[in-house]
Amino acid sequence: MRRRLSTADELVTVLQNASDPRETERVRTRVATNESVIGVRMSTLFATAKLATDIPAAELERLFIHPAYEPRLAAFCILDFRARRRLSAKEREDLAAIYLDHHDAITTWDMVDRAAPRVIGWPILSDVIDFRVLEDLARSDDPLRRRSAITAPLWFIKKGTDGDVARGLVIADLLADDPHPRVAAAVKIYRKHAARRDQ
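Residue 1 is where the sequence shown starts when you use this note's numbering, and the numbers rise one by one after that.
FYI, nobody ran anything at the bench for these hints, they're computed from the structure.
In the DMTMM-like style, the derived pairs of lysine to aspartate or glutamate whose C-alpha atoms are separated by at most 20 Å in a straight line are:
1. Lys158 - Asp127
2. Lys159 - Asp198
3. Lys50 - Asp110
4. Lys188 - Asp198
5. Lys188 - Asp110
6. Lys50 - Glu91
7. Lys90 - Asp101
8. Lys158 - Asp113
9. Lys188 - Asp178
10. Lys50 - Asp113
DEER-style ranges, computed between Cβ atoms:
11. Arg182 - Arg132: 18 to 24 Å
12. Gly163 - Ile65: 35 to 41 Å
13. Ala32 - Asp94: 27 to 33 Å
14. Pro56 - Ala195: 41 to 47 Å
15. Asp110 - Lys159: 21 to 27 Å
16. Thr24 - Glu61: 23 to 29 Å
17. Ala176 - Thr29: 23 to 29 Å
Every residue gets a Cβ at the ideal spot worked out from N, C-alpha and C, and that includes glycine.
Go ahead and model the full structure; you've got the sequences and the hints to work with.
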């Protein structure tokens, strides 16, 4: 078993050592043209982030502000791995706050999809944070915040009641005419899963 990672530098070094030009080309299709990338397979990135699940807060902060795509995605993966644990209500609230406070670090849809359901959807489903968080995100000018608004309630479909699923459909209705393709696609995904659950 590989050793645990406790600093941002250690994590970034592991990613850099796994860099592959072929992966760089694949990643380039998902990021802005001026965004720095390392070029790492997603399976490698997820495994590396898992080794850093207990990274100190100051080191996690360094990942959130890293200029390259992969360290920031790793930071949101770390939040997701933490959310999978047995946590207190306060710990879930704190985890959600970290996500929301660092939303500006999100530059791609996959950062949202990796973390939003468990990190935001779970504490809302548990009444740890208010549902209005989703409504606020849905009204944002930022399409990635709007994607967070409709991706987080996927947890309602997985673990909630029919009433919880209906609350997610309220967000889908708010975003029904969203012009951004990444938001429109996420709305379609939510409605599709909600319909399957009804069946």
